[in-house]
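Visitor: Mind docking chains B, C, D and E on chain A? Use the hints.
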Amino acid sequence: MNFLDLIWLIPLFPLAGAAAMLFLGRKLDPQPPSEVMLAPDLAAEHGGHPHGGHHHGGAGKFIVSLLCPGTVLLSLIFSIGAAWQLSQLPDRVHQVVKFTWLAGLPFQTASGEMARFTADWGFLLDPLSAVMILVVTGVGFLIHVYSIGYMAHDNGYYRFFGYLNLFVFFMLTLVLANNYPLLFVGWEGVGLCSYLLIGFYFHKKSAADAGKKAFIVNRVGDSAFILGMLLTFAVFGTGRFLDINAAIGAGQFHAEQGFGILTAIAILFFIGATGKSAQFPLYTWLPDAMEGPTPVSALIHAATMVTAGVYMVARSAPLFQLTPNAGMIVATVGAFTAILAASIALVQYDIKRVLAYSTVSQLGYMFLALGVGAYWVAVFHLFTHAFFKALLFLGSGSVIHAMSGEQDMRRMGGLKDKIPVTHWTMWVGSVAIAGIPGFAGFFSKDEILWQTWSAPGGSTLLWGVGIATAAMTAFYMWRLMNMTFYGRSRVAPEAEAHIHESPRTMTVPLVALAAGSVLVGWLGTPKVWNLTGIFHGFENWLAPVFAAAHESGEHAHHDASIEWLLMGLSVGLAVAGIALARWFYHVNPSIPDALEARFKPFHTVLSRKWYVDEIYDFLFVNGLSKGGGSAMASFDQRIVDGGVNGAGWLTRFSSRLSIWWDTWIIDGAVRFTAFTVKLLSYPMCLLQTGRVQTYALFMVAGILVFFGYYMAR
Amino acid sequence: MSEFYTSTDHFVLIPAIMLALFGCATLLFDFLVPHQRRFLLVIALAGLAFTGYGLWQQQAYLSSTGFAELSAFNGVVTIDGFALFFNWMFLLAALIMVLVSYKYLEVEGEHHGEYYALVLFAQCGMFFLAAGTDLVTLFVGLELMALCFYIMVGFLRGEKRSNEAAMKYLLLGAFSSGFLVYGFSVLYGMAASTKLTDVAAAVAARQAWDPMVFLAVATTSVGLLFKISAVPFHMWAPDAYEGAPTSVTAYLSVASKAASLAFLMRIFWVYPGPLAAAREVWEPLLIVVAIATLTVGNFAAINQTNVKRLLAYSSISHAGYMLLGLIAGNDTGIKGVAVYVLVYTFMNMGAFMVVIALRRKEIIGEDLDDFAGLAHRSPVYAGLMLLFLLSLAGIPPTAGFIGKYYIFLALMETGHYALAVLAVLFAGVALYYYFKIVRSMFVREAVEKTPLASSFGLRLALGASGLLTLVIGIYPEPFLRLAQTSLMR
Amino acid sequence: MDQHLLSIVLFTPLVGLAVLLLIPSRAVTAIKVWANVAAFIGFLVSLPLVTRFDRTAGGFQFVERADWIPALGVKYFLGIDGISLLLIMLTTVVGFLAILSSWNAITERVKQYYAMFLLLQTGMLGVFMALDFFLFYVAWEVVLVPMYFIIGVWGGPRKLYAAIKFFLYTLAGSVLMLLGILTLYFQHYQQFGFFTFEISELMKLSLPLGIQQWVFWAFFLGFAIKVPMFPFHTWLPDAHVEAPTAGSVVLASVLLKMGTYGFIRFSLPLLPEASIHQTIVRVLIVLSLIGILYGALVSLMQKDWKKLVAYSSVSHLGFCTLGIFALNPNGLAGSVLQQVNHGISTGMLFLVIGVIYERRHTREISEYGGLAHVMPVFATVFAIAMLSSAGLPLLNGFIGEFTILQGAFEANRVWAAFAVLGIIFGAAYLLWLYQRTMLGQVTNAKNLGLPDLSLRELAVFVPLIAWAFWIGVYPKPYFDILEKPVQQIVERVRPDYYQGKAPAVARSPLLPAAASVSNHE
Amino acid sequence: MLTDTLLFYTFAVMVLSGGILTITRRNAVHSAISLIVSLLGVAGLYLLQRAEFLFVVQIILYVGGIMLLFLFVIMLVNLDEAARERQFHGQWALALACVAGVALQIGYVVWRGAGSFQIAAATPAAPDPAAATGNTERLADVLFSEYLLPFELASVLLLVAVVGSVVMAKRRL
Amino acid sequence: MHPITPLHYLLLSAALLLIGTLGVLIRRNIVVVLMSIELILNAVNINLIAFSNSLGNINGQVFAIFVIAVAVAEAAVGLGILLALFRNRATVLADEIDLLKW
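Protein chains in written order, with this note's numbering: chain A, 1 to 713; chain B, 714 to 1202; chain C, 1203 to 1723; chain D, 1724 to 1896; chain E, 1897 to 1998.
If you are wondering where the hints come from, they were derived from the structure by calculation, not from laboratory data. Certain hints may be false.
To be verified - In silico DMTMM-like links for lysine to aspartate or glutamate, alpha-carbon gap of 20 Å or less:
{"#": "1", "chain 1": "C", "residue 1": "1648", "chain 2": "C", "residue 2": "1698"}
{"#": "2", "chain 1": "A", "residue 1": "98", "chain 2": "C", "residue 2": "1310"}
{"#": "3", "chain 1": "C", "residue 1": "1509", "chain 2": "C", "residue 2": "1566"}
{"#": "4", "chain 1": "E", "residue 1": "1997", "chain 2": "B", "residue 2": "872"}
{"#": "5", "chain 1": "B", "residue 1": "1074", "chain 2": "B", "residue 2": "872"}
{"#": "6", "chain 1": "A", "residue 1": "205", "chain 2": "C", "residue 2": "1569"}
{"#": "7", "chain 1": "E", "residue 1": "1997", "chain 2": "B", "residue 2": "1080"}
{"#": "8", "chain 1": "B", "residue 1": "1162", "chain 2": "C", "residue 2": "1310"}
{"#": "9", "chain 1": "A", "residue 1": "98", "chain 2": "A", "residue 2": "256"}
{"#": "10", "chain 1": "A", "residue 1": "27", "chain 2": "C", "residue 2": "1569"}
{"#": "11", "chain 1": "B", "residue 1": "1074", "chain 2": "E", "residue 2": "1994"}
{"#": "12", "chain 1": "A", "residue 1": "418", "chain 2": "A", "residue 2": "406"}
{"#": "13", "chain 1": "C", "residue 1": "1648", "chain 2": "C", "residue 2": "1566"}
{"#": "14", "chain 1": "D", "residue 1": "1893", "chain 2": "B", "residue 2": "872"}
{"#": "15", "chain 1": "A", "residue 1": "418", "chain 2": "A", "residue 2": "501"}
{"#": "16", "chain 1": "D", "residue 1": "1893", "chain 2": "B", "residue 2": "823"}
{"#": "17", "chain 1": "D", "residue 1": "1893", "chain 2": "B", "residue 2": "821"}
{"#": "18", "chain 1": "C", "residue 1": "1509", "chain 2": "C", "residue 2": "1560"}
{"#": "19", "chain 1": "B", "residue 1": "873", "chain 2": "E", "residue 2": "1992"}
{"#": "20", "chain 1": "B", "residue 1": "873", "chain 2": "E", "residue 2": "1991"}
{"#": "21", "chain 1": "C", "residue 1": "1313", "chain 2": "B", "residue 2": "1044"}
The structure presented is a predicted model; accordingly, all values stated were derived computationally and were not measured.
With the rest of the complex left out, here is chain A (with noise of 0.2 Å):
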């Protein structure tokens, strides 16, 4: 069968499981959504994660258990059939167009000519988009076994599910989308998923605002999306990609060196990637959103939904390539994210903020490659990101699943033996986005980094912080590792006696995700490797979407020499950060608290994560009041109060101010004119004394008036 015809099928088999989960959940799995609780001291406790013992609750479960991955594998598998067959295509492009979605009017475009403002229902299937369904329905599918046992306990299993197909079906949408407009509505659906998803445990409220505040954040890069999407209809006349980049192509527009309207879009469209890939400023949403369950940490909030972002700049790419400045900021925003993140990542004790962090790094990462022009290099370390990170985040769930839901490192140590599967994929993952050569993370690393220091739109600076990213990212996986699974276990003796390695259902999934986090990388081996074939499959795949980016971003070649130096020194990095790391957590404990102690103030500036959270409470929220206090407490209540992240303090001045406007300025007007006219009443009553001369006085006064009106004229 025609896979290449179909794909507008690959979505909907996910919306149909979500479908089914919608109306007949409650019917498979008849436990109530979630127990009422009035007392909210409950609601700490009840987590949501499943208490020991795990035995599938009922055929309807079974039932739901069985469809949601169902369906995903099926669209797993349509992916790959469409992507062999497309692979066999030369122009290795498919459009298929369903019908006219948005079909607007026509209007002017910004040169004058009319144009229509339409956005088809249509799929665009190329090397690019291959990837990403791959990747989606792929490591999607593995989270869903995952969480079937995962969730197993838990209320709301087939609400679950159903927001999880729904994602994987926005997502798909988003990644498979033939124009601008559609591709964003599977943007705001994934946000719209990743708001369900991380209130899942909607009576907790921290997850509800959590929930709140990413969708909110995610709103203000939207809103600069919107903005760029508009723009690009004034400018081309269209959304569609290839229409655009045929216009491109066709030499209509030049690079701009100053801002330019291109430069305007290109930078529209990636604030609002930064609101979604979580870049610096906008990435306080994606620590947050780890109040959600951790398969959806994995899924969305390490391997899909936040590399939209990248995925959308790779898709403007020839875009970009016009822009050179704003590849520049793109670049910069990219490296600070990276190193920012990192930092902050070297002393959190919470196992999923680290990796919460790390991804927001190992973004970073993606950016400063689309920013200096590699856009293939960035999809590469996206592909081989959404592996380990996966893994990561699956493993520490597994951790916290065997540690009965504690997720704090200082009461764990010496899982190794304890869990060693876990042990030994998260081994496998660490080492992968450590940069160990062999592993995925390597090569994908490797290769930004010798484009940043080569490639026309790099530096040496953004290099260098490159670079010491490396460096911290494996001091911290490290950390990290040391301080569950080695050294001796300060596990709470009542946690210690149910800890247990988690079912198959978990396992496995870990297993292939570590798997494909050792071999995906060997798509992309360094060109000095001098490997062929499969070896550079994955650039010479993508070759053909990043065409025009190519002939501009083909550098005169450097001498091997250096680039082999560099590797050596990143590898050197990284072995020297997990050797320091292992004789900082392991070989002799004592001596991070000492180096705490000694830089207490750099020590805090990092645990309370640059202060960003706090600076925004100050700038936005209502700092000037209360600065002080638990910081992620004060902010969430802020914002709270406030009513939205952001212009919480400003939004509250003004709504008062708006308020009192309305009842004192237009209805006090409104209030005004009527008290007066009642208030003249009553004048005009009491004229009318009842005393008949005053009457008759009145009608002389007329009189008066009447002949003095004679004697004014």
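Guide: Chains B, C, D and E in isolation, oriented as in the chain A frame:
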């Protein structure tokens, strides 16, 4: 027939004669066979019927011969479309009034033949107010009407408030008519004649700002504006309206106002309009008066709690609207005034009739509280009242809107934009106090449950007015054509 | 049949009313049943309008023209184009659902209640069908009275204040509008020698800009108060908060649209020069933008559930006016579509409030929380309503807002930038509302036993939800319906718009040259 | 001429002084008396103006009729305590001011347009009408030809007056 | 000694008119108020007669007759009402009858 009294004279005079005759008839009948009130009613109605017949004949004659007018008694009285139109209005008002009075007077315990006689005599006076073309005729007609009203206002002789109202009304009325006739004397001095045509000629002969003309204008308008209760000559109205028997109030507020308006128009505008030539003199005065009238009428009405008094003030403001039509002064304006009078007759009498229905033994029924919960007790009455009030406020599709519509249009046509804006805004204010009544009818709970005092006559009149108020609002065509034909000469 | 279709649609509710009056007040159930039936019939008879409507034809269809008051040159002149069609369908559907929704809500004076609703229905339909200004004005005013009673009799504690406020505000505006109408009427008489109120005739007028502006402002007062645009909005929250649920629904869904419809149908075509005039456009746009942000901001701070939604209406209607005065096809079409959307989504939101109010008789947001545990279906419905109101893609709101934004953006990029802010806030206050009421633990014992949606209530929501998704996923039919009329209006205001930019720039200062304006300043 | 002038001023003084006394006398009876004086003065002016018939009417009707009516009423409603009451309304000063104002204005108007008030016979040099036919006949001619209708109307008016005063004055009908 | 012109009569009548007005305005005793009204009407008559004479036109005198008739009628009815009022209120003072006000 002698040349004293030609057939034309007779033909023209028929309605007046009928009214006078039946007036005397009621008096006599009441004197000879006392306590046969039903017959009194019948006689009065018969009188009105004959009058109507006479008017009908005149209408037919005019339309058949195509004459613009038919003047008699060597020109002291003239029947033209204008006169006929207004006489129809008076007749309708009187008819309704007589119908509703029967039960009401029973309730008040003041049921006498004189009452009907006075109604008919007042009609007689009004006839000459609309038809007279001679200062003397008009003056005597006015006084005739006025006297009847003084007496009718004070008809509840046992009632302090009725006496007081009558006294005030008489004193001020006589006072104002003193000025009026003073003005007339000046006019006579100018023209050496009392015929309106001659006067008009004489006034036109002098230049606009001639002091004598002005003296005439000033003094005359005092009397005229008093009768239509325009500010600052309005102050009798609220007291008289409140103190008078409600049926009389209704009649007073409609018929007397309409008659005086006809009078005013005869003097100021309608052919031969003696003072028409001096327009530039009196227009500014009238504008000021109109604004004052609208303002005072609407504002003072706002915190009235006595419905009769509230309606009294509202009728003052309506006088203001009619004046606006006169100020605009073009055909639309005059037609507007006519239409306004037409619709005003129905809606205002209707509103007062509901008040009458609320008057029962031991229940005054004039206060806002007496209206509370009327919607439950008798939804029909409440609905009708709502209709009348909406119409008074000028909300389409009710008759009131048509009237206001013409006024506004006339103002826009003649470029009185500021006045137009003022007028429409006051419509808003008016709505506010009318809806005070609506509110207490529909929203508040009933306080007392005594059934309403309704009679066949009342129901008939009420139904008719309600129907007309609605019909004129929805399909005004025939009525507009009537006004059109009657006023354009 | 076709030539009387509109009259049939128009008068069905009135006939229903007549029959209703014959039913004795005691037979409450009979009254309820009949009212629902009548409203439903009203909906059914309006369906042929859709099926027989010719999308390809410009101009008005189903035209009905008869003398009404020849003396004034008033005609009984009905006719619809795409714009009216959509609003009429909205009216019939929402009207029916509103009546259906008040089955349990209204216990006293049931007969009067339903009578008022049927009367209201006719009035609103008349407004959207009339092609004769007089008829339009009459219908416009007819709407006021029943709404006054619906608020004033069956409303909340401060109902009297709210009701009279609503009435006076709207009346004040509309009487001034009447003066504007009369000016046109008289001008036409002077230019052509006969009186008429027909829009088509009045469009032949050639008025000096001065008069056009005066008339425009007169109209503006009438329409802007109804919409309501920024400084005139204060009647809205009161009216909404005090009105019974169904009242709020109709008020928000249909009544407010009378204002925007007035702008589209009358201000633009009749006063083209004034409508394109710089200052006027600037003022209106600025007011719209203020309305958007301002409504959103105020909503954020509301403690009262219903008031919040009411203020959100101000914000949404701001989008509609923004779209109208972008004066280009997408702006207008988006605006009309957004009017329908607002009708659907805000209607749903008010119904949601009604449902919960019937159960708990309070609208204090702080009274609620964690309802998602107790009433999952309800929570889902609310979520959909909220998302469609917040403009989430694949729901109706997005299509409208996005198209409007395109229009605004085309006109002037800075406006669009501001309007986008409104979207962010929109998400904010709605999410926050949802979170405070639906999520978290059940903090209030009173909420524990609340029953979930009954079938009847669900039946009220389902059509609206379906509609929301339809517009969101496949809006093409709507744009097809709107294309012709919008084109006519745009060509009326900017004759050479469709010829492309070059002249347009010369004519209107609204379109900045491509390079000169960048949108992030 | 001289006699005319003198008479005019005499009567004028009667009229005005009588009027002033009427509105200033404490006792209503005195007011009535001074009103009679004033009315007589007016009658005299009629005579000066060759309106003999009116002169008679004035004497008989007013002085004879109306004044009696007044006096009856004064007797009926015994005004002794009324006489003891304060006589002037509280607003008298204001009223005086207003009236004075109006007086000035009228004066101004008259002075301004004295010319326009100079009434002259439409037909100049009218022969002394009294010589031709008596004033009364001419009056009658006009009254019963030209003013027949008002005359009839006046009868109705008087009837109403009678009925009215009866209705009002009688204790019960 | 200059001749007497209509102007003199005009001024005289104006004066009488104002005196009457003053009486209406300031006298509390309704009887006297009615008298003042008589004064006003007489002022009118002076006017009419003066004009009639100087115009050599008799109509003025006729008019005057009607004015007198009206004066009589008003006086009669006025006094009647006064009696009715006096019966109920036992006062003839104008500013004491103020039940109806505001």
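Visitor: Each hint: holds or not?
Guide: Hints versus structure:
Of the pairs offered as hints, the one joining residue 1648 of chain C and residue 1698 of chain C is violated, with about 63 Å between alpha carbons and a cut-off of 20 Å exceeded. Between residue 98 of chain A and residue 1310 of chain C the CA atoms are separated by roughly 53 Å; this puts the pair beyond 20 Å, and the hint is violated. The hinted pair formed by residue 1509 of chain C and residue 1566 of chain C meets the criterion: a straight-line CA distance of about 10 Å does not exceed 20 Å. At most 20 Å may separate the alpha-carbon atoms for a hinted pair to count; residue 1997 of chain E and residue 872 of chain B meet this at roughly 16 Å.
In summary, the hint linking residue 1074 of chain B to residue 872 of chain B is supported, as the alpha carbons are separated by about 14 Å, within the 20 Å threshold. Taken as a hint, the residue 205 of chain A and residue 1569 of chain C pair is honoured in the structure, with Cα atoms around 17 Å apart against an allowance of 20 Å. As the CA atoms of residue 1997 of chain E and residue 1080 of chain B are separated by approximately 15 Å, the hinted pair is consistent with the 20 Å bound. With a C-alpha separation of about 19 Å, the suggested pairing of residue 1162 of chain B with residue 1310 of chain C holds against the 20 Å cut-off.
A threshold of 20 Å between alpha carbons decides the hint, and for residue 98 of chain A with residue 256 of chain A the separation of about 36 Å lies outside it, so the pair is violated. Simply put, residue 27 of chain A and residue 1569 of chain C have alpha-carbon atoms about 31 Å apart, too far for the 20 Å limit, and the pair is violated. Between residue 1074 of chain B and residue 1994 of chain E the alpha-carbon distance is near 25 Å, which puts this suggested pair outside the 20 Å criterion. A C-alpha spacing of about 15 Å is found between residue 418 of chain A and residue 406 of chain A, which places the hinted pair at or below 20 Å, so the restraint holds.
Straight-line distance between C-alpha atoms of residue 1648 of chain C and residue 1566 of chain C comes to about 13 Å, which keeps the hinted pair within the 20 Å bound. The straight-line distance between the Cα atoms of residue 1893 of chain D and residue 872 of chain B is roughly 15 Å, inside the 20 Å bound, and the hint therefore holds. Taken as a hint, the residue 418 of chain A and residue 501 of chain A pair is honoured in the structure, with Cα atoms around 7 Å apart against an allowance of 20 Å. Using a Cα cut-off of 20 Å, the hinted pair residue 1893 of chain D and residue 823 of chain B holds, with the two alpha carbons roughly 13 Å apart.
A threshold of 20 Å between alpha carbons decides the hint, and for residue 1893 of chain D with residue 821 of chain B the separation of about 18 Å falls inside it, so the pair holds. A hinted pair counts as satisfied when its Cα atoms are at most 20 Å apart, and residue 1509 of chain C with residue 1560 of chain C qualifies at roughly 17 Å. Using a Cα cut-off of 20 Å, the hinted pair residue 873 of chain B and residue 1992 of chain E holds, with the two alpha carbons roughly 12 Å apart. The suggested pairing of residue 873 of chain B with residue 1991 of chain E holds, with an alpha-carbon distance near 15 Å, which does not exceed 20 Å.
A C-alpha spacing of about 46 Å is found between residue 1313 of chain C and residue 1044 of chain B, which places the hinted pair above 20 Å, so the restraint is violated.
Comparing the model with each earlier hint shows violations of hints 1, 2, 9, 10, 11, 21; every other hint is respected.
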